[in-house]
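Participant: Chains as they are written, first to last, in this note's numbering: chain A, 17 to 933; chain B, 24 to 180; chain C, 13 to 301.
Hints may be right or wrong, so weigh each one.
Cβ-Cβ distance ranges computed for the label pairs, FRET-style [as the list claims (entries may be wrong)]:
| id | chain 1 | residue 1 | chain 2 | residue 2 | range |
| --- | --- | --- | --- | --- | --- |
| 1 | A | P67 | B | E30 | 56 to 62 Å |
| 2 | B | D93 | C | Q59 | 20 to 26 Å |
| 3 | A | R41 | C | G39 | 54 to 60 Å |
| 4 | A | N446 | B | E178 | 27 to 33 Å |
| 5 | C | Q59 | A | A97 | 31 to 37 Å |
| 6 | A | D173 | C | G39 | 26 to 32 Å |
| 7 | C | G39 | A | S534 | 54 to 60 Å |
| 8 | B | T147 | A | L709 | 34 to 40 Å |
| 9 | B | G94 | A | L709 | 28 to 34 Å |
| 10 | A | P419 | B | G108 | 52 to 58 Å |
If you want a taste of the chain A side facing chain C, the calculated C-beta under 10 Å gives, among others [unchecked claim]:
| id | residue |
| --- | --- |
| 11 | Y301 |
| 12 | F659 |
| 13 | L663 |
| 14 | T712 |
| 15 | K714 |
| 16 | M718 |
| 17 | I721 |
| 18 | P784 |
| 19 | S785 |
| 20 | D795 |
| 21 | V796 |
| 22 | G798 |
| 23 | G911 |
| 24 | D912 |
| 25 | T913 |
Just so you know, these hints were derived from the structure itself, not from any lab. None of the values given here were measured: they were computed from a predicted structure. Glycine is no exception: its CB is placed at the ideal position from the N, C-alpha and C atoms.
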Amino acid sequence: MNFHASSVGATRYVGERTPRKEDSRLLTGRGQFTDDIQLPGMMHIAYVRSPVARGRIVSINLEVAREMPGVQAIYTQADLAAIPVQMMSFFFTPIESPVSLLADGRVACVGDPVCMVIAETRAMAEDAAALVEMEIEEETPLVTIADAKTGPLVHPDKDDNIAAEMGDEDMLEEAIQPLLDKAPHVVTHTIRHQRIAQSPMECRACVASPDGSGEMTVWMGCQSPHLAARYLALVLGLPQESIRVIAKDVGGGFGLKNIPWREEVAVVVAARLFGRPLKWIEDRYEALTASSHAREQEVTLTIGLDDEGKLLAAWSDYACNNGAWPMGEDANIAVHMFMWPAHKLPAYGFVTRGWYTNTMGLGGYRGPWAMESLIRETTLDKAARKLGIDPIELRRKNLIYLPDQPVTSGMGIEVTDITPGECLEKLVANVDVAAFRKEQAEARKEGRYLGMGITTYIEPTGSAGSMQPMTGETVHVRIEPTGKVVAMLSTHSQGHGTATTMAQVIADRLGVAYEDISVFEGDSAIGAFSPGAAGSRQGVIAGGATWKATELLADKVRAVAAHLSNASVDAVTIDGGMVHVEGAPEMSRSLKELAEIAYGEPGRLPEGMATGLEAQFRYQPPPMTMTSAAHCCVVEVDAETGFVKILRWISSEDCGTVINPGVVEGQIAGGLAQAIGQVLLEEMPYDARGNPLAATFKDYLMPTIFDVPDFEYLHANTPSQTIGGMRGVGEGGAIIGPPTLVNAIADALSPFGELGGKKGEVTLPLTPSRILDVIEQRDVSGHSAHAAPVPAAAPVSAPAVPEAPVAETAAPVPAPAASASIDGDWDMTLKAPMGGQTFVAHFETQGTSLSGYLSAPEGQQDFSGGTIEGGRIKFEVKVDKPMKITLKYDIQLEGDTITGKCKMGMFGTAKVTAVRA
Amino acid sequence: MSEHKIELTVNGHRHAATVEARTGLGEFLREELGYTGTHLACEHGVCGACTVRVDGVAMRSCLMLAVQADGCEVTTVEGLAAPDGTFHRVQQALQDNFGLQCGFCTPGVAITLATVLQDNPSATTGEMEAAMSGHICRCTGYQGIRRAIRQLAGENA
Amino acid sequence: MKPAPFDYARPSSIAEACAILSEAGGGATVIAGGQTLMPLLNLRMSQPFILVDINGIADLKGVSRVDGGTRVGPATRQADALRDETLARHLPAFVAALGHVGHYQTRNRGTVGGSVALGEPAAEMPATAVALGATIEIASVSGTRSVKAEEFYLGPYMTALEPDELVTGITYPDWPDGHVVLFREVAQRPGDFALVGMVGALALDGGKVSRAGIAWFGMGPTPIRARQAEDALLGKALTEIDADAVAALAVADTAPFDDHHASAEYRRTVGKRIFARTLRETLDIRSAA
């Protein structure tokens with residue numbers, strides 16, 4: 017792709033380490049974070065939270081608390097219910113758990129908000145909160161995934177404790193197990209990932225100010241003011257225009273802040289009820305114990321390989337502890353989609369479940385599907401050790417390189433331009449692996465244990481057009497009459513530096529100085545809808561939109577200049593804020609002169625041309641843009657203490673066009689630091705009573721400057737198919753970091769045995785105690801005494817079957833008595849991975865053949881060629897979104913209800929239910 | 024719940040106020056005096072975001088009461104740059120090296136490094152890094168901060 | 013996370029402070045540097061009626077030589093103590109341990125007395141006081157008394173200090189010139205409380221150990237003196253010392269616990285190793301000299 021057309025000047029900004037526009041205010045204490053907002057008459061909120069994990073609220077006595085100085089109001093759910101709220105997931109689908117803003121009769125986890133105290137100061141609100149008397153009839157909580165499988169229902173009105181599930185259990189027996197049985201080598205590996213507290217440095221925060229009649233201005237720590245405004249309007253049933261969300265500076269998001277959650281929505285509702293501005297600033301104790309958590313996953317992967325190390329088949333069984341109130345039942349569920357598209361793997365199947373428990377609900381966290389790379393890359397290394405094959409060679413045998421593409425994976429994902437293999441080659445060309453192996457062997461003789469981990473991964477970034485909030489981006493750019501440039505974007509930076517990178521694109525494409533560009537963002541009143549920072553998308557989509565909008569603006573500048581100079585448009589160039597006409601230096605004008613004409617002297621413009629100098633473009637990129645990387649990490653493990661020292665870390669990533677290497681490397685580094693925290697330090701444990709045990713940063717160990725080595729970077733720069741050629745890079749470090757470090761540690765400890773011990777289970781974080789378990793081949797950490805057994809997930813012999821009281825996935829059974837006619841409309845629900853989908857199914861039968869359509873507000877999908885025999889209905893629907901898949905329905909009619917399942921390609925199998933419309 | 028009259032100087036400006044005994048210095052600087060550059064990110068003395076300089080010494084403003092600052096000279100991040108807006112060399116080094124992303128921890132980091140350099144203008148990389156152990160940054164992986172430190176130490180060399 | 017309301021007093025003398033503590037009848041808490049107390053106040057885990065700020069009492073600050081020892085005023089800032097020449101000369105073990113307390117910013121405000129008096133079992137300064145044989149001087153309206161460090165610590169954050177009492181000084185006895193300093197700790201990050209740590213001193217006379225004082229931190233509910241190890245070392249020539257055997261005796265005196273950062277077995281296993289390694293390295297250097 018030709019990045020740099022000749023119409024703009026010679027100065028390049030894209031690709032430069034341009035200093036960030038955001039820094040001046042942030043370095044001088046003049047940023048504007050939510051807690052910096054002070055409004056006349058503003059009151060402060062403190063929440064009263066449940067001290068127990070599960071129970072019935074018998075009574076709440078507010079009398080004493082209400083008498084405290086400064087207290088204005090104390091609300092319970094009964095008060096807030098005056099404004100009905102239907103909480104939704106990130107995908108704008110209704111939350112399925114019976115979540116309310118404040119506890120409604122029951123508490124389901126420690127930290128559940130029960131009351132809201134409104135007072136003149138936060139301290140006064142806390143004084144009163146301490147005096148609220150709650151009587152809760154405590155019940156035994158379900159804390160672990162194992163508890164959820166066997167215990168009573170977390171939510172009494174649900175059928176089971178399964179929050180969400182994907183995959184096809186039948187596939188193991190039908191398709192995968194026979195291949196595994198024939199495989200010369202079978203390797204099984206289990207990883208238990210601990211619960212993480214996302215811990216942005218700025219805790220959650222919300223200021224809500226009711227303005228006028230029914231309007232509301234909300235300042236909020238969020239990842240997109242537009243998404244937050246749309247979310248608030250939807251859950252409150254208000255017109256979106258009535259809510260304006262402002263978030264100029266936000267101190268980190270990392271997925272936690274991708275939607276407003278209970279506390280923030282409650283502030284907005286309370287502000288409407290109370291009629292005055294309210295502020296809630298979450299404190300760190302709340303943030304650690306009562307903000308949505310992340311991870312807490314258990315996954316077992318089994319792979320079959322031939323004697324050369326080529327993959328033959330794989331099966332994975334995954335579960336996550338979704339807590340009581342996940343921010344969407346699918347939180348941390350969709351981990352299998354990108355497990356294998358970069359590998360030549362003939363057959364893959366999986367089953368995955370999220371479980372409700374009486375712990376804090378899960379939310380998003382950087383790289384929510386990261387577990388797929390962690391289990392894949394660690395299992396591949398284990399296989400390499402077992403087969404005696406170099407782990408790099410094992411990857412070379414199985415990875416899909418550029419000449420192999422386009423190719424469609426077994427799960428139906430087509431890849432056209434992924435480069436994990438190319439990144440790997442670039443990496444090993446820059447790391448002397450042979451020299452390291454020699455050094456490692458020498459060191460071992462001295463009792464020093466060095467290890468190297470090498471991994472690859474791919475990541476779908478810049479997703480657009482496949483799921484509700486994942487859209488394109490609109491950019492408006494204009495040259496003001498002053499000659500300076502202003503851009504209005506719906507991007508949001510919680511550290512991403514989008515004002516910087518977008519200004520670089522504008523400077524580059526327009527031929528103006530970077531300093532002359534102002535970027536406005538961070539306000540739902542600016543720009544059009546976009547989900548902001550979500551899924552590594554802003555550089556790709558907003559970057560592409562800015563690229564194109566700026567080129568349109570440059571075209572207009574050139575058209576005006578050509579007209580004024582009576583020259584050809586092709587003769588006009590813009591450089592350094594000056595407009596030049598080839599061969600006529602006397603015709604050169606500054607952009608300011610040109611802008612004054614464009615705004616003030618319409619008569620001098622070409623006939624029919626709009627005045628002003630502005631352009632707007634909404635960019636709809638391809639549905640996904642893939643980013644690839646390979647990483648290498650070198651560690652030394654101290655065999656006496658079990659401490660891990662990271663000696664070297666090299667990233668070889670391909671994020672296409674790099675707008676600003678400083679920003680790109682910053683994203684990679686931040687993700688890697690979080691990865692190091694996950695592997696070595698961070699953990700949010702719960703005790704058996706459901707109490708979170710890391711309530712301060714003394715106990716929740718965040719990585720410090722001494723825990724993170726200097727990272728080295730290699731950039732591959734294969735342009736993507738998007739405008740500008742960018743690929744997303746926000747999450748990659750957090751995805752590839754954990755397996756790289758775990759593999760390095762496993763390599764270091766290989767003289768002692770497998771990191772997972774005899775059972776093949778690795779539990780994170782790899783604390784010094786757990787490292788000594790491996791080195792000493794005994795239970796130093798007390799692991800066996802404390803940890804619950806991993807569910808029987810390994811599929812070597814039999815598929816895992818959920819224990820009672822879990823309801824069996826509805827499956828077609830032989831036809832009972834022939835049912836009534838199916839013809840007509842049905843309200844059908846598909847329990848799909850990204851929340852439930854409800855639509856109208858219309859059936860028409862002719863004998864045993866079936867046709868019809870599925871209709872939802874987004875559109876209608878016709879089908880034909882189906883069958884109906886004895887009430888068993890089979891039909892197929894082809895869809896393009898989120899990618900090309902064929903939905904295979906297999907359902908059973910019984911009277912006025914239909915139940916069954918739908919196979920959804922890579923998305924696994926969903927439950928289907930329907931009733932007559 | 025006693026109240027106390029205090030006088031202090033912040034960034035060269037004199038302030039008098041009446042404070043509740045329990046009001047923390049950081050909260051007082053933010054809420055009463057409007058120096059919102061000082062960020063409270065943990066309020067239990069671990070993260071370092073609220074670090075300010077009190078009588079020439081860097082300390083946690085969440086671990087000190089406003090009443091204890093009576094008579095003190097306080098410098099916050101707003102007081103680091105020159106009156107004409109020229110960055111302090113620590114601020115410049117942080118910007119030059121992409122030493123900040125979200126910027127929430129940054130005020131404390133800047134105060135700490137500026138204070139180490141104030142006490143010892145030829146402070147080494149090791150001395151500055153050691154002082155950084157008391158700061159948590161969730162965004163940068165400390166890469167840009169470490170490069171900034173090397174730049175500052177290099178200026179010294 | 014804001015403290016519950018309290019009154020605040022800033023006495024200028026020990027007598028005035030003791031009078032306030034006495035009047036409060038147990039409802040007062042002394043604040044020195046506040047680096048541990050302030051988080052407890054902010055979290056409302058500590059809710060005194062009155063906070064007694066001793067930073068204005070000049071008599072509680074500074075380092076002085078006394079008969080047979082070095083006296084540290086409890087309100088002496090940790091950063092000041094680290095720079096103190098008297099401490100560097102007479103109490104190198106104290107300085108070695110103090111360098112691991114907290115962070116640059118907290119040492120600027122935190123005090124020696126605060127760390128000693130609080131009784132955090134995984135902290136460096138209580139164990140150092142026990143190991144070196146310090147005496148803790150205490151005042152109240154009823155008079156003054158002294159408590160040996162070893163008898164001062166009763167349990168996690170529990171000490172022999174009564175609610176109306178104030179620590180007025182910590183006196184560390186002199187150790188002979190040229191004594192050996194032992195210090196090592198294992199902590200996950202700089203400034204963290206140790207998973208396990210040990211501190212102490214050995215005096216040598218004619219090539220033999222003439223005096224030993226060693227204590228553990230992070231190995232039980234209080235700092236724990238490694239008494240059996242001390243006994244085993246006494247009278248031994250450096251070349252006769254079996255570091256592993258002594259370390260095993262040292263661990264035998266401990267009562268470590270499990271938490272999510274490390275297991276008791278880890279603490280015992282690694283404690284023994286760092287004890288032996290520290291002893292061996294220190295004695296090797298000394299033997300070679």
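Participant: Indicate, hint by hint, whether the structure satisfies it.
Facilitator: Comparing the hints with the structure gives:
no. : hint                           : in the structure
1   : P67/A with E30/B: 56 to 62 Å   : 42 Å, violated
2   : D93/B with Q59/C: 20 to 26 Å   : 24 Å, holds
3   : R41/A with G39/C: 54 to 60 Å   : 46 Å, violated
4   : N446/A with E178/B: 27 to 33 Å : 31 Å, holds
5   : Q59/C with A97/A: 31 to 37 Å   : 34 Å, holds
6   : D173/A with G39/C: 26 to 32 Å  : 49 Å, violated
7   : G39/C with S534/A: 54 to 60 Å  : 57 Å, holds
8   : T147/B with L709/A: 34 to 40 Å : 39 Å, holds
9   : G94/B with L709/A: 28 to 34 Å  : 42 Å, violated
10  : P419/A with G108/B: 52 to 58 Å : 55 Å, holds
11  : Y301                           : 6 Å, holds
12  : F659                           : 7 Å, holds
13  : L663                           : 18 Å, violated
14  : T712                           : 7 Å, holds
15  : K714                           : 8 Å, holds
16  : M718                           : 9 Å, holds
17  : I721                           : 9 Å, holds
18  : P784                           : 6 Å, holds
19  : S785                           : 4 Å, holds
20  : D795                           : 8 Å, holds
21  : V796                           : 5 Å, holds
22  : G798                           : 4 Å, holds
23  : G911                           : 53 Å, violated
24  : D912                           : 53 Å, violated
25  : T913                           : 48 Å, violated
When the structure is compared with the earlier hints, violations turn up for hints 1, 3, 6, 9, 13, 23, 24 and 25 and for no others.
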